[in-house]
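Chain F is already provided as a structure; the job is to place chain Y on it using the hints.
Number of protein chains: 2
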Amino acid sequence: MELKEYFPMWEKLTTAQQSRLLSASDQRSYKKGQIVHNGLTDCTGLFLIQSGQLRAYTISDEGREITMYRLFERDICLFSASCIMRSIQFDIVIEAEKDTKVWLIQAEAYKKVMEESAPLANYTNEIMASRFSDVMWLMDQIMWKSFDRRLAAFLLEESSLENTSTLKITHEIIGNHLGTAREVVTRMLRYFQSEGMVKLSRGTVELTDMDKLEKLSNK
Amino acid sequence: MELKEYFPMWEKLTTAQQSRLLSASDQRSYKKGQIVHNGLTDCTGLFLIQSGQLRAYTISDEGREITMYRLFERDICLFSASCIMRSIQFDIVIEAEKDTKVWLIQAEAYKKVMEESAPLANYTNEIMASRFSDVMWLMDQIMWKSFDRRLAAFLLEESSLENTSTLKITHEIIGNHLGTAREVVTRMLRYFQSEGMVKLSRGTVELTDMDKLEKLSNK
Numbered sequence: 001m002e003l004k005e006y007f008p009m010w011e012k013l014t015t016a017q018q019s020r021l022l023s024a025s026d027q028r029s030y031k032k033g034q035i036v037h038n039g040l041t042d043c044t045g046l047f048l049i050q051s052g053q054l055r056a057y058t059i060s061d062e063g064r065e066i067t068m069y070r071l072f073e074r075d076i077c078l079f080s081a082s083c084i085m086r087s088i089q090f091d092i093v094i095e096a097e098k099d100t101k102v103w104l105i106q107a108e109a110y111k112k113v114m115e116e117s118a119p120l121a122n123y124t125n126e127i128m129a130s131r132f133s134d135v136m137w138l139m140d141q142i143m144w145k146s147f148d149r150r151l152a153a154f155l156l157e158e159s160s161l162e163n164t165s166t167l168k169i170t171h172e173i174i175g176n177h178l179g180t181a182r183e184v185v186t187r188m189l190r191y192f193q194s195e196g197m198v199k200l201s202r203g204t205v206e207l208t209d210m211d212k213l214e215k216l217s218n219k
Numbered sequence: 001m002e003l004k005e006y007f008p009m010w011e012k013l014t015t016a017q018q019s020r021l022l023s024a025s026d027q028r029s030y031k032k033g034q035i036v037h038n039g040l041t042d043c044t045g046l047f048l049i050q051s052g053q054l055r056a057y058t059i060s061d062e063g064r065e066i067t068m069y070r071l072f073e074r075d076i077c078l079f080s081a082s083c084i085m086r087s088i089q090f091d092i093v094i095e096a097e098k099d100t101k102v103w104l105i106q107a108e109a110y111k112k113v114m115e116e117s118a119p120l121a122n123y124t125n126e127i128m129a130s131r132f133s134d135v136m137w138l139m140d141q142i143m144w145k146s147f148d149r150r151l152a153a154f155l156l157e158e159s160s161l162e163n164t165s166t167l168k169i170t171h172e173i174i175g176n177h178l179g180t181a182r183e184v185v186t187r188m189l190r191y192f193q194s195e196g197m198v199k200l201s202r203g204t205v206e207l208t209d210m211d212k213l214e215k216l217s218n219k
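These protein sequence lines are chains F and Y, in that order.
As numbered in this note's numbering, residues 1 to 219 make up the first sequence, in order.
As numbered in this note's numbering, residues 1 to 219 make up the second sequence, in order.
Incorrect hints may appear among the rest.
Since copy identity is lost for identical chains, a pair holds within one copy or between any two.
Keeping only pairs whose Cα atoms sit at most 20 Å apart, straight-line, the calculated SDA-like set for lysine to any residue is [stated by the list, open to error]:
no.: 1; residue 1: Lys215; residue 2: Glu195
no.: 2; residue 1: Lys199; residue 2: Ile169
no.: 3; residue 1: Lys98; residue 2: Gln141
no.: 4; residue 1: Lys12; residue 2: Val113
no.: 5; residue 1: Lys12; residue 2: Pro119
no.: 6; residue 1: Lys145; residue 2: Gly63
no.: 7; residue 1: Lys98; residue 2: Ser51
no.: 8; residue 1: Lys98; residue 2: Tyr57
no.: 9; residue 1: Lys4; residue 2: Gln34
no.: 10; residue 1: Lys112; residue 2: Ile127
no.: 11; residue 1: Lys219; residue 2: Asp42
no.: 12; residue 1: Lys12; residue 2: Lys112
no.: 13; residue 1: Lys215; residue 2: Asp61
no.: 14; residue 1: Lys219; residue 2: Ile59
no.: 15; residue 1: Lys219; residue 2: Gly63
no.: 16; residue 1: Lys32; residue 2: Leu207
no.: 17; residue 1: Lys32; residue 2: Glu95
no.: 18; residue 1: Lys219; residue 2: Ser60
no.: 19; residue 1: Lys215; residue 2: Ser51
no.: 20; residue 1: Lys199; residue 2: Asn163
Just so you know, the hints here were simulated from the structure itself, not pulled from any lab data.
Same shape as in the complex, but just chain F:
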């Protein structure tokens, strides 16, 4: 996918602005598990995802994690260029969850074009509003949904992303996504197993009753 296809307002940029962005871009590849951005002091640039999957998460002082949102093919990752706005005052870590290929646009060049182009500034606004909506959705989940519903929803989402009903995932990693201790995950998965919704074996969780999980997650 070409760079300009990520920007529906590309034609509203001047030729000079277009070439500025193009010349500040190159392609990068990241291996599954690699950290591609780490906190506020890190300002690599914007990632435009060509293939693969990124996960944005925060991490507590004690090292516990919670997934904020994920980015897929065609998505733009803004917070890896947090220095483009001084009001972004939070730390986020971004890792490649699968082998990932991206366009990288250098933060400084992007900022310069955004400062003079209303179409690019407004488009950037929309990207941020999308991520804001993701986080507000998550907040809602955490505050008001019980853990069994969140776990059921997570398993179904993973199953759909990986296109399999047998997930290769440890209880610890599930805990990292949901901001919960491993023990809590294990306890709930065992309950799910006793209800016939999953089947557990070493390193895998097999979803055995999608309907029941679906019903639980929407409760």
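Leaving out everything else, chain Y in the frame of chain F:
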């Protein structure tokens, strides 16, 4: 405070843009307790706070509340004009927490100017990034800080906002701010009382040991 003082980039707008914003603005007053914005379908416009205090919160299906952030004199309230961006996909309620005077700029006019003015679009970006940072801070608190610390921090903040050590506030309202049931608040306040940090009486919480509360909130 004049309208233009809210916008540090005012001089970068054209005369036509300035008058468009000015002619789409008027002053409004709200009484303490009044709901000034209610969810996504409501798109009144931007509030520029002249005096008073607004509280932005979300509400669960069961009617439980949690405070997202507050806005004070000189602040701009963006999400009361959520229709200016289509990617804003979450419901927020905004109430006047004190008698409040605002400038109101109609959403449609603001959107029009923002679409053609890079300075205004970038400034709007910064406002949104500030609120995003508030919400990320809150998420961090909810996920990783225990309730005693959050309650101590809340009491200290209220005390500083109201400029008094004797807060006129019910346990239910505290619960609404922190997203917690009234009973949980009452139990924790009683524990604080037994530790000499507060003194409880009908409808008031008196902070009696600021140092100890401070220490607890920073733990």
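How the hints compare with the structure:
no. : hint             : in the structure
1   : Lys215 to Glu195 : within (13 Å within a copy, 45 Å between copies)
2   : Lys199 to Ile169 : within (13 Å within a copy, 50 Å between copies)
3   : Lys98 to Gln141  : neither (25 Å within a copy, 30 Å between copies)
4   : Lys12 to Val113  : both (12 Å within a copy, 16 Å between copies)
5   : Lys12 to Pro119  : both (7 Å within a copy, 16 Å between copies)
6   : Lys145 to Gly63  : between (24 Å within a copy, 13 Å between copies)
7   : Lys98 to Ser51   : within (9 Å within a copy, 50 Å between copies)
8   : Lys98 to Tyr57   : within (15 Å within a copy, 36 Å between copies)
9   : Lys4 to Gln34    : neither (26 Å within a copy, 47 Å between copies)
10  : Lys112 to Ile127 : both (18 Å within a copy, 19 Å between copies)
11  : Lys219 to Asp42  : neither (40 Å within a copy, 27 Å between copies)
12  : Lys12 to Lys112  : both (16 Å within a copy, 16 Å between copies)
13  : Lys215 to Asp61  : between (35 Å within a copy, 18 Å between copies)
14  : Lys219 to Ile59  : between (29 Å within a copy, 17 Å between copies)
15  : Lys219 to Gly63  : between (31 Å within a copy, 16 Å between copies)
16  : Lys32 to Leu207  : neither (24 Å within a copy, 51 Å between copies)
17  : Lys32 to Glu95   : within (8 Å within a copy, 45 Å between copies)
18  : Lys219 to Ser60  : between (29 Å within a copy, 14 Å between copies)
19  : Lys215 to Ser51  : neither (32 Å within a copy, 48 Å between copies)
20  : Lys199 to Asn163 : within (17 Å within a copy, 57 Å between copies)
In summary, the numbered hints that this structure violates are 3, 9, 11, 16 and 19.
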